[in-house]
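S.K.: Protein chains in written order, with this note's numbering: chain A, 131 to 244; chain B, 99 to 216.
Worth flagging that the hints you see were computed from the coordinates, not collected in a lab.
Positions of the beta carbon are idealized from the N, C-alpha and C atoms, including for glycine.
Some clues are possibly wrong.
Calculated cross-link-like contacts (lysine to any residue; reagent style SDA-like; alpha-carbon spacing at most 20 Å) [claimed, not checked]:
#1 K203(B) with K201(A)
#2 K203(B) with T161(A)
#3 K174(A) with E194(B)
#4 K174(A) with T105(B)
#5 K168(B) with K174(A)
#6 K174(A) with L146(B)
#7 K201(A) with E215(A)
Simulated restraints on C-beta separations [said to hold, decoys possible]:
#8 S139(B) with P191(A): 41 to 47 Å
#9 S208(B) with P191(A): 16 to 22 Å
#10 P138(B) with K174(A): 38 to 44 Å
#11 T103(B) with T206(A): 45 to 51 Å
#12 Q167(B) with N182(A): 36 to 42 Å
#13 L226(A) with G183(B): 25 to 31 Å
#14 Q171(A) with A116(B): 38 to 44 Å
#15 K174(A) with G183(B): 42 to 48 Å
#16 D204(A) with Y162(B): 27 to 33 Å
#17 D153(B) with K201(A): 32 to 38 Å
#18 E115(B) with P191(A): 41 to 47 Å
#19 G183(A) with Q112(B): 45 to 51 Å
#20 S139(B) with G202(A): 45 to 51 Å
#21 G160(B) with G133(A): 19 to 25 Å
Which chain A residues face chain B? A few, computed with CB under 7 Å, are given here [as the list claims (entries may be wrong)]:
#22 G172
#23 P173
#24 G238
#25 T242
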Amino acid sequence: EAGVAQSPRYKIIEKRQSVAFWCNPISGHATLYWYQQILGQGPKLLIQFQNNGVVDDSQLPKDRFSAERLKGVDSTLKIQPAKLEDSAVYLCASSLALVGYEQYFGPGTRLTVT
Amino acid sequence: AQKITQTQPGMFVQEKEAVTLDCTYDTSDQSYGLFWYKQPSSGEMIFLIYQGSYDEQNATEGRYSLNFQKARKSANLVISASQLGDSAMYFCAMREGRRYSSASKIIFGSGTRLSIRP
């Protein structure tokens, strides 16, 4: 069974530029999560989708971050414009709707904003 | 408010010894879940073990066991017979709310870096 796929793995941009990350969850997983992990910290949930609907986006900085999950499968997370403090690893995870406690994570995208 | 605390930023352990990673939590919910994830240097988070708040027995998965003390609000991870491949960051996490609910929230602690010496 294929795991959670993410791309790109690494991205370097200048502040005020925009960037987008892509995630393809495990086939059949209805729930998809985006996390931000700043160096030395645990992951922080940014947004959670159930199929193509948003369940929780309370910690998403909506003035600059946006996310969508068209057709309830893959998802994109966008930052526009980026700030220096957005430098982090962005992790995508998915889980079966009925087994919500176990999340499977992708390899992450390491973003550096200069 | 929901909170996870891991007080050990780093630990060194001799290979084949057992190691305990500490985790305390705070929640006002009666229904919650606790889990541990391993994050090797490759960056991917790997699920290790889960304990539900109503589970009467401590969870075990191979060399991993969770020492759940509900009254103390602690959920320590015990790794028996440590191996070099166990060197990684370990995160404790808590799910507040009902199990199987898509609306339940998950928060992570700050992690413990475990290094196994040969």
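S.K.: Each hint needs a verdict: does it hold in this structure or not?
M.R.: Tested hints:
| no. | hint | in the structure |
| --- | --- | --- |
| 1 | K203(B) with K201(A) | violated, 23 Å |
| 2 | K203(B) with T161(A) | holds, 12 Å |
| 3 | K174(A) with E194(B) | holds, 15 Å |
| 4 | K174(A) with T105(B) | holds, 18 Å |
| 5 | K168(B) with K174(A) | violated, 25 Å |
| 6 | K174(A) with L146(B) | holds, 19 Å |
| 7 | K201(A) with E215(A) | violated, 31 Å |
| 8 | S139(B) with P191(A): 41 to 47 Å | violated, 28 Å |
| 9 | S208(B) with P191(A): 16 to 22 Å | holds, 21 Å |
| 10 | P138(B) with K174(A): 38 to 44 Å | violated, 20 Å |
| 11 | T103(B) with T206(A): 45 to 51 Å | violated, 34 Å |
| 12 | Q167(B) with N182(A): 36 to 42 Å | holds, 41 Å |
| 13 | L226(A) with G183(B): 25 to 31 Å | holds, 28 Å |
| 14 | Q171(A) with A116(B): 38 to 44 Å | violated, 27 Å |
| 15 | K174(A) with G183(B): 42 to 48 Å | violated, 27 Å |
| 16 | D204(A) with Y162(B): 27 to 33 Å | holds, 32 Å |
| 17 | D153(B) with K201(A): 32 to 38 Å | holds, 37 Å |
| 18 | E115(B) with P191(A): 41 to 47 Å | holds, 43 Å |
| 19 | G183(A) with Q112(B): 45 to 51 Å | holds, 50 Å |
| 20 | S139(B) with G202(A): 45 to 51 Å | violated, 33 Å |
| 21 | G160(B) with G133(A): 19 to 25 Å | holds, 20 Å |
| 22 | G172 | holds, 3 Å |
| 23 | P173 | holds, 5 Å |
| 24 | G238 | holds, 5 Å |
| 25 | T242 | violated, 14 Å |
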